[in-house]
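These protein sequence lines map, in sequence, to chains V and B. Under this note's numbering, the first residue of the first sequence is numbered 1, with each subsequent residue one higher. Under this note's numbering, the first residue of the second sequence is numbered 1, with each subsequent residue one higher.
In case anyone wonders, no lab produced these hints; they're calculated from the structure. Built from N, CA and C at the ideal position, the CB exists for glycine as well. Just so you know, not all the hints are guaranteed correct.
What the hints assert, rightly or not - Estimated spans, in silico, between C-beta atoms of each pair:
#1 Tyr99/V / Ile300/B: 25 to 31 Å
#2 Leu107/B / Lys132/V: 42 to 48 Å
#3 Thr9/B / Pro195/V: 42 to 48 Å
#4 Pro195/V / Lys166/B: 45 to 51 Å
#5 Thr85/B / Ser76/V: 49 to 55 Å
#6 Asn25/B / Ala31/V: 50 to 56 Å
#7 Arg24/B / Thr258/V: 37 to 43 Å
To be verified - From chain V, some residues computed to sit far from chain B (all C-beta separations above 10 Å):
#8 Ala40
#9 Gly49
#10 Thr135
#11 Thr180
#12 Ile198
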Amino acid sequence: MVSSRTFSVKRQTGFGTIALLCFVLLYVPIATLVAYSFNAGPSIAIWEGFSWRWYIAAWNNQQIVETSVRSFVIASIAAVVATTAATMAALATTRTRPYRGLNFIYGFINQPLMVPEIVTGIALLIFFAIVKIWTGYTGLGYLIVAHTAFCIPFAYLPIRARLENMDLTLERAAADLYATPWMTFRKVTLPLLWPGIIAGLMLAFVVSLDDVVITELVKSGGQDTLPTYMLGQLRRVVTPEINAISSVFLLISIVIVTLFFFLNRKQT
Amino acid sequence: MAVDNPPLTRAAEVAAAADRQEIRNRWFLASPALFIIFFAAIGPLFIVLVFSFLTPADYGGVVWKPSGQAWFQVLFQKDIFDDTTTFADAHLSILWRSVKLSFFTTLIALAFGFPTAYFISTRPEKSRDIWLFLITIPFWTNLLIRTFAVQEVIRNEGIFNTLLMKLGIISSPIQIMFTDVAIMLGMLYVYLPLMVLPLYASMEKLDFRLVEAGYDLYANRFQVLRRVIIPLVKPGIIAGSILVFIPSLGAYVTPRVLGGGKNMMLGNLIELQFGQGRNWPLGAALSITLMAIVMIALMIYVRSAGRSEMRHG
């Protein structure tokens, strides 16, 4: 009986139900997707028993292997470069009195988060079309540069958060003991900052791996990444093979995000 | 001249020079990030602006001849036979659909997100992280895959229709795919975490003594919600709404997968101009239009966030 319960000021009628419904609705589509990746039949509607068939099919599909490798190459390079640049930028914008241009730097770094992806995508499409005519270069570089740019704000956020919570006294102590600024950085700041950098690197990697819109617009012929390849496939008859790739992709993202979660949790 | 200065000023001068050096170092450290973002995000936007004032070439690309044609075409069209000018109905209806669907997506996301964020923020401290984590997981997984997952549920042969048919509620599947409703459901699913997270951030700071005071003054639960909780978490409501509205407005993948070819949104219309449309200046002008709407939304956000901060801060 509701009335016999102790009165809680935090309770709101029906909120718990809506919240739980929300969680269920959030996970039902993902669960369905994963379930049908194990379907023995060729349909994503009729269940015909459990099998690894579609995972094996995906593994043997040359295009899937090729586009996955490309996705990982782009994401790795973009994440490392973006995280390096973001770490430097974070060092430049924290633990200081406000100086002229500080807000400008903030705004600049967060800009890729403000502009709709489709706009950035076509802007790069136009810009790279011009550069291609000038230089004649048509390699993966364009995609890597584009990914690096939109990864920077994602890498920047956790690193900056980590720096802001860091204790300045340790660095002062190092300086008092005649450490050079570089040594202080190497031996004190960097080890303390490391979890933030790893977190930034992981976020950047996931964000790059997941990108569809900008990649779709920037890529030249034969430069499909796994997501753009899937986008192309969705137009045709869909088999559980797509579910199988999606499930693997989901698993990778979830593992990385879980690691990120525990890494962040340990700090606080 | 420095020699003539008294020692104190000299010291101040040295300090000022050190300060300048420090700021220079900071700019130097920030420069790689600034350079990459300028080169591959901000700079190209100016080129888009320039291209919106050029003449389209026959097979994509542009002719370097200034023209206001593209901006004219955003809203109007000329009849090819008698040269009469009419509103470009196709563009207007797509623009309207984008705004309408984004608005309803935001509204429904708020209706679901608010109770969810409240639920999480009233859990015991330890389990809050886990609930929050469950909200963030889908957010960090691929947008295309999540859209595809929605498609699997709402398709005619999907589990939603199958379930309803097995229960005998409907006799033939409801066509949801390739309708505006499908796009809206997809965007709702994909962007819901963006509503919950900022809402949670402001609810977490909620001082429940104020809620208690409300009850002490004989308010009922609904009155407390409306007169105490909602005003206090207003910054979160605004932030969440903006975070859902903006990406919905620029959505490309979700309408493409769930809406099919007919139910386009602004993002698809823009892309079309660079593909089959072969009208780059029009695509550029439409992009600037989208940017302008986003900027207006952001400005409303900054102003109202500033105002409520003044009131509560």
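(request) Check each numbered hint from earlier against the structure, then list the numbers of those it violates in ascending order. (result) none
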